[in-house]
Amino acid sequence: MVAGDQSDPVDCLILGAGPGGYVAALRAAQLGRSVTLVERRRVGGVCLNEGCIPSKQLSRFAAAKAAAEKLAPSGMPSFAGPPDMASFQKSRAASVGVLVKGVSSLLDAAGVKVIAGSARFVGRSRVCVEIGEESVRYFDFKDVVIATGSRATQLDVLPFEGDRVVEPSRALEWESTPASLLVAGDDYVALEIAVAYARLGSRVTLAAPAERLLPDFDSDLSAAAQRGARAAGVEVVLSADPHAMAGKAERVVVSAGRLANLEELDLQSAGLTPPGRHLKVDAQLRLDRHVFAIGDVTDGLPLAHRAMMQGRVAGDVLGGKTSAFDSRAIPRAVFSDPEIAAVGLTEIEALAAGHEVSIGRFPFAALGRAVIESATAGFAKLIFDRPGGALLGAHLAGPRSTELVAEMALAIEMGATAEDIALTAHAHPTFAESLMEAAEVSLGRPVHVRPAKR
Amino acid sequence: MARFEFRLPDIGEGLAEAEVAKWLVSVGDRVTEDQAVVEMMTDKASVELPSPGAGVVVEQLAAEGDVVKTGDVLYVLETDARIGAAGAHGRAAESREKSPLPSRPAATSTGVLAPPAVRKLARELGVDLANVKGSGPGGRISAEDVQRHDAAATHPAHAAELPVTQGVQIGAGERVPLRGVQKRMAETMALSARSIPHVTGFHEVDAGAFVELAARLRREGEATGARFAFDTLLVRATAMAVHRHPIFNCSLDLERGEIVMHAEVNVGVATATPAGLIVPVVKRADTLDLARLAAEVDRVTSAAREGKTSVSDVRGGTITISNTGAWRGGLGTSLIVPPEVAIVGFGRVEEKAVVRDGKVVARPMMPMSITFDHRVIDGEAGLSFALTLRALIEDPQQLGT
Numbered sequence: 012m013v014a015g016d017q018s019d020p021v022d023c024l025i026l027g028a029g030p031g032g033y034v035a036a037l038r039a040a041q042l043g044r045s046v047t048l049v050e051r052r053r054v055g056g057v058c059l060n061e062g063c064i065p066s067k068q069l070s071r072f073a074a075a076k077a078a079a080e081k082l083a084p085s086g087m088p089s090f091a092g093p094p095d096m097a098s099f100q101k102s103r104a105a106s107v108g109v110l111v112k113g114v115s116s117l118l119d120a121a122g123v124k125v126i127a128g129s130a131r132f133v134g135r136s137r138v139c140v141e142i143g144e145e146s147v148r149y150f151d152f153k154d155v156v157i158a159t160g161s162r163a164t165q166l167d168v169l170p171f172e173g174d175r176v177v178e179p180s181r182a183l184e185w186e187s188t189p190a191s192l193l194v195a196g197d198d199y200v201a202l203e204i205a206v207a208y209a210r211l212g213s214r215v216t217l218a219a220p221a222e223r224l225l226p227d228f229d230s231d232l233s234a235a236a237q238r239g240a241r242a243a244g245v246e247v248v249l250s251a252d253p254h255a256m257a258g259k260a261e262r263v264v265v266s267a268g269r270l271a272n273l274e275e276l277d278l279q280s281a282g283l284t285p286p287g288r289h290l291k292v293d294a295q296l297r298l299d300r301h302v303f304a305i306g307d308v309t310d311g312l313p314l315a316h317r318a319m320m321q322g323r324v325a326g327d328v329l330g331g332k333t334s335a336f337d338s339r340a341i342p343r344a345v346f347s348d349p350e351i352a353a354v355g356l357t358e359i360e361a362l363a364a365g366h367e368v369s370i371g372r373f374p375f376a377a378l379g380r381a382v383i384e385s386a387t388a389g390f391a392k393l394i395f396d397r398p399g400g401a402l403l404g405a406h407l408a409g410p411r412s413t414e415l416v417a418e419m420a421l422a423i424e425m426g427a428t429a430e431d432i433a434l435t436a437h438a439h440p441t442f443a444e445s446l447m448e449a450a451e452v453s454l455g456r457p458v459h460v461r462p463a464k465r
Numbered sequence: 346m347a348r349f350e351f352r353l354p355d356i357g358e359g360l361a362e363a364e365v366a367k368w369l370v371s372v373g374d375r376v377t378e379d380q381a382v383v384e385m386m387t388d389k390a391s392v393e394l395p396s397p398g399a400g401v402v403v404e405q406l407a408a409e410g411d412v413v414k415t416g417d418v419l420y421v422l423e424t425d426a427r428i429g430a431a432g433a434h435g436r437a438a439e440s441r442e443k444s445p446l447p448s449r450p451a452a453t454s455t456g457v458l459a460p461p462a463v464r465k466l467a468r469e470l471g472v473d474l475a476n477v478k479g480s481g482p483g484g485r486i487s488a489e490d491v492q493r494h495d496a497a498a499t500h501p502a503h504a505a506e507l508p509v510t511q512g513v514q515i516g517a518g519e520r521v522p523l524r525g526v527q528k529r530m531a532e533t534m535a536l537s538a539r540s541i542p543h544v545t546g547f548h549e550v551d552a553g554a555f556v557e558l559a560a561r562l563r564r565e566g567e568a569t570g571a572r573f574a575f576d577t578l579l580v581r582a583t584a585m586a587v588h589r590h591p592i593f594n595c596s597l598d599l600e601r602g603e604i605v606m607h608a609e610v611n612v613g614v615a616t617a618t619p620a621g622l623i624v625p626v627v628k629r630a631d632t633l634d635l636a637r638l639a640a641e642v643d644r645v646t647s648a649a650r651e652g653k654t655s656v657s658d659v660r661g662g663t664i665t666i667s668n669t670g671a672w673r674g675g676l677g678t679s680l681i682v683p684p685e686v687a688i689v690g691f692g693r694v695e696e697k698a699v700v701r702d703g704k705v706v707a708r709p710m711m712p713m714s715i716t717f718d719h720r721v722i723d724g725e726a727g728l729s730f731a732l733t734l735r736a737l738i739e740d741p742q743q744l745g746t
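Chains as they are written, first to last, in the numbering used here: chain H, 12 to 465; chain A, 346 to 746.
A few of these clues could be false.
[Said to hold, decoys possible] The following label-pair restraints were derived from C-beta to C-beta distances:
#1 H:A255 x A:T415: 24 to 30 Å
#2 H:G268 x A:E378: 23 to 29 Å
#3 A:T415 x H:L312: 29 to 35 Å
#4 H:G330 x A:E603: 42 to 48 Å
#5 H:G399 x A:A498: 56 to 62 Å
#6 H:G282 x A:S647: 58 to 64 Å
These aren't lab readings, by the way, just hints derived from the structure by calculation.
Nothing here was measured: the structure is a model prediction, and the numbers come from that model.
Glycine included, each C-beta is placed from N, C-alpha and C at the ideal position.
Assemble the whole structure, with the sequences as input and the hints as a guide.
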């Protein structure tokens with residue numbers, strides 16, 4: 012506690028205006044709380060400004076070019092040649108600008124007070140916010156939400172270095188495509204950047220430390236990711252030593268996971284000591300009676316939609332509602348080629364959990380829509396709890412997988428069984444049919460592929 | 346100095362919650378180790394919770410009348426020395442390894458089959474889905490299942506049909522919060538009246554020999570310093586009668602369609618206390634010899650009057666007696682304490698004109714009422730029990746050994 016300093020009492024203080032923090036702020040304000048939101052950079056956080064949104068714009072730009080090239084043999088006028096990255100960057104900045112403005116006006120309309128600055132705890136219910144170089148303000152809060160997110164981790168053997176060795180966010184801002192690019196990493200961020208720049212004409216090497224890409228996904232998806240990356244022109248090196256390979260590349264992107272932004276908060280001053288790299292919260296997202304934590308600072312996948320869901324729950328709890336974060340299925344979406352998406356348990360996890368696993372796998376070679384789009388390498392793999400039982404997991408590779416996974420998340424939340432999915436009509440000809448077909452495969456009565464011999 | 350969060354311990358027999366009856370210290374007060382800090386009320390017992398160490402109470406997180414869940418923080422102590430988790434009922438604030446509130450298992454798809462909206466409803470109603478039987482395919486739980494479970498748990502009869510009893514106030518009276526023992530009585534008795542078809546039989550018993558025996562035993566007790574309550578003989582007579590009529594010592598399990606015959610005879614003794622009606626239980630009353638029975642009756646009723654009843658002392662009753670004699674009570678009906686199936690009422694012994702051998706004589710008569718649950722006990726069984734009890738009181742030799 013700093014004696015003699017003026018402090019302002021605030022009702023509900025939220026630290027960080029990323030997808031977790033701003034959603035919590037909006038929900039708490041809707042429920043009548045007076046909300047103050049502290050953000051050191053721009054509202055929307057990493058996701059909106061330098062993560063999900065701009066990276067998906069890059070992926071989409073690269074995919075459109077690849078799709079047109081794929082159609083050239085079918086008579087599509089070719090547009091060979093390098094892309095105009097300067098124009099792309101203008102459109103990227105414009106999209107981000109629209110969305111940031113959107114979030115700002117939502118916060119305004121909800122009466123959320125936004126303070127630009129960096130916060131740290133100086134007592135059990137007091138936070139100090141440094142505004143610019145000189146100015147400091149103190150706030151005494153009733154409730155606080157820690158939503159300060161995470162940042163890219165460096166590799167000890169390959170530290171970030173100027174414009175050449177960079178974190179993934181910087182790679183979204185390049186005004187030109189590098190002639191050669193080394194991407195060090197095996198996670199979805201590394202895969203997306205590698206595939207996007209390969210499609211845009213860079214000579215890309217993906218140096219994966221693990222024995223497979225996407226090591227925490229179902230192994231069938233790892234295999235699909237690797238095949239797809241190679242088909243897109245990415246040189247994939249597994250069990251790689253990125254340090255040894257970095258010298259030759261014009262640019263290097265390092266994706267080595269994310270680290271929760273906790274140190275600068277000085278949690279000890281609030282009597283809170285995180286047991287490890289993350290904060291452990293209860294189902295109401297509480298660390299303590301008046302201290303909440305959501306998003307990447309908490310234990311779990313560092314994904315924007317998880318943070319947003321937690322933000323809703325924290326906002327509900329702050330507003331006095333009975334609420335809990337009990338999502339059973341957090342989908343994961345990878346915007347590579349092919350698109351990859353997963354929700355729920357992998358095959359190995361389901362077996363390890365003791366389920367009598369029943370698998371329905373449907374190859375896109377038997378799917379009309381996939382033939383039209385030359386995407387016959389894709390598949391849907393559904394995992395059920397015993398034959399005919401509830402859906403435990405879905406693992407999808409192919410166009411629009413990142414959208415299809417939503418249906419599978421709903422199915423898991425609803426406790427849908429193989430029959431439920433098989434008996435739901437899916438529009439023809441779409442990729443979504445593969446889900447219905449995969450469920451039928453698991454029930455031993457597929458129409459469009461031969462049933463397994465018994 | 347260390348901050349210690351005192352969490353509500355399991356006060357007994359797996360209780361999920363308890364009510365703050367009274368704070369015995371204020372915020373800022375110093376307490377010594379084992380000093381009583383707060384009085385908690387569970388069912389019909391109030392329990393004083395001692396401080397795990399010396400220090401200053403810096404925060405109280407619940408007000409009197411609040412219901413607190415087991416494991417929730419009750420108060421915060423700024424302790425002089427660090428308190429280890431083992432020596433205390435709670436956990437030190439420094440230890441944040443586990444989440445402070447119980448949370449559901451991690452997000453996997455292996456939990457109960459209930460969609461998100463139903464899980465939300467269950468949270469709002471405080472229903473544990475693990476206890477809900479799903480009526481859907483494969484045991485899927487619907488919103489209706491949750492509502493039905495909630496209604497059965499909190500309003501055993503048709504709560505919706507009950508008349509609304511709120512808000513009416515005649516004149517400038519006072520409004521007193523319904524809490525603690527009174528609240529439990531309101532809930533238990535309403536449940537009893539709603540769910541049990543009561544039948545009461547009235548009897549007059551010649552208590553001449555019984556009163557003499559009680560007086561003799563009291564005098565003998567006084568000689569050795571042991572207290573002998575009149576109720577002791579009533580408990581013994583009831584326990585012996587129950588022993589011969591085991592249907593009076595059962596509970597009804599409607600959900601499974603079974604009558605549960607209890608192996609022990611545990612006699613509750615309705616006791617008026619400053620806080621309200623409490624029914625402490627004399628466990629295995631049929632197995633205790635007279636001296637131990639007297640001591641046990643004295644112990645549980647004294648503790649109740651002094652507000653020191655423990656939770657285990659109000660649990661597990663299989664039949665109840667209510668003696669209003671000391672209060673000049675006459676004949677009256679009683680309400681059965683669920684899940685018991687009978688309650689025996691005794692009134693004041695008074696001299697009355699009765700006919701003996703064709704002559705009108707004055708005899709000390711005691712009114713007795715036998716109230717039973719007609720779902721499991723029929724009129725003949727009820728009368729048969731009454732005759733046994735009457736015989737034991739009128740010829741009390743067997744009671745005095």
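A quick look at each hint next to the structure:
1. Our hint of 24 to 30 Å for H:A255 and A:T415 is violated, since their Cβ atoms are close to 58 Å apart.
2. At about 47 Å, the CB distance of H:G268 to A:E378 disagrees with the hint of 23 to 29 Å.
3. For the pair A:T415 and H:L312, the supplied restraint of 29 to 35 Å holds, since their beta-carbon distance comes to about 32 Å.
4. Here the CB-CB span from H:G330 to A:E603 is close to 46 Å, well matched to the stated 42 to 48 Å.
5. With their beta carbons about 32 Å apart, H:G399 and A:A498 fall outside the hinted range of 56 to 62 Å.
6. Take H:G282 and A:S647: their Cβ atoms lie about 44 Å apart, and the range 58 to 64 Å is violated.
Comparing the model with each numbered hint stated earlier shows that hints 1, 2, 5 and 6 do not hold.
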